[in-house]
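Undergrad: Protein chains in written order, with the numbering used here: chain L, 1 to 149; chain B, 1 to 215.
Honestly, the hints are just simulated from the structure, not real lab data. Take the hints with a grain of salt, since some may be wrong.
Not the full set, but computed from the structure, chain B residues with beta-carbon under 10 Å of chain L [what the hints assert, rightly or not]: (1) 46; (2) 48; (3) 49; (4) 50; (5) 57; (6) 58; (7) 72; (8) 75; (9) 76; (10) 77; (11) 79; (12) 158; (13) 189.
Label-pair distances were calculated between CB atoms; the ranges are [unchecked claim]: (14) B:3 / L:125: 26 to 34 Å; (15) B:95 / L:112: 40 to 48 Å; (16) L:19 / B:158: 53 to 61 Å; (17) B:9 / L:19: 17 to 25 Å.
Positions of the beta carbon are idealized from the N, C-alpha and C atoms, including for glycine.
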Amino acid sequence: MDKTTGGDDKVPRRAFLDAMIVAGFALTVLCGGAPALSYLFPRLSGSSVDEEMDVGAEAEVPMGEGKVLPFGVFPTLVLRTKEGFKAFSAVCTHLGCVVKWNKDNQKIECPCHSAIFDTSGKVLDGPAPKPLRSIKIKVEDGRIILGGK
Amino acid sequence: MVGLYRALDERFGFHEGLMKVLKKPVPKFINLTHCFGGITFLLFGVQVISGILLAIYYKATPDKAYESVQYIVNEVPMGWLIRQVHAWGANLMIIAVMLHTFRILWHRAYRPPREFNWVVGSFLLFATMAFGFSGYLLPWDQLSYWATTVGTEMASSVPVIGPHLLTFMRGGATVDAPTLTRFYALHVLVLPVTTMALLGLHFLMVRRLGVAKPL
């Protein structure tokens, strides 16, 4: 009987052992690779606008001013106008730059490609295809609360 | 995959040489003690991969280092695992490299014609310990801070050059931000490159001269 082929077996012994070694190696790589891969994708905290979040004191945004405050993963532009507080996603609907409040002409501007929005988030000029997304805002005990259902 | 391999081999003709290297038979007298070097190399590979993963989130500044390590452990998925694999791998690598050194001593495998491989191996041992010493500072907690203070202080007792050595290691008078950045540079840039080069020489020489016969 030929030892290397294992006699009448259809799969030679050597080929079987080779396959087992490859399978063992693949399994090891998989066991190490799966946690390593998940490690590369950190959890994003505050990834829902449905959760309320205290983002700062009312006094941080004086009358006629606008400020970008971090609201979870969404940079949010908080405006204080004569009609009260307003909040918009500060991510420009064009290519995702963070917009700024221009106090002088009371408009929201994107520094990247000069998209201009009014105080209701509507596009006035520039390449932005959609208005800025409005975010719920309320002021309680002098604190600005963003989000909520 | 097989098709791609064949196509590459047709053009560059490496299959025969590669098989000669991979299928080289080992001598009959090989036993478990001859595995320590290979185990050290395996652990080095583990350290490289887990170290690259840690470097992705680690911040080598005094105000962020500790915080970033806590972030890795508590926030990043599997971060605790990657950090512990790196820490345990480091300890096990020191043990494995020590066992390897003892095996060489025991078998007197350092004798001619293998003296140069012993020298390269010694440098690899020093590199491994330098890895351990520099990596110990990086979590930037009380333990690592004072361990590095004491460790660098020891270097200052060397006659004549001691005080200069201390300043060189710390990058200042005390262990501070410059120490952290130079230990980090040493740990992730200087030592890995040096170690890989030395390992190349180490393996080349062992292939050329073969494994030493036991006594």
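Undergrad: Hints numbered earlier in the text: which of these fail when held up against the supplied structure?
TA: As far as the earlier hints go, 2, 6, 12, 13, 14, 15 are violated by this structure, in ascending order.
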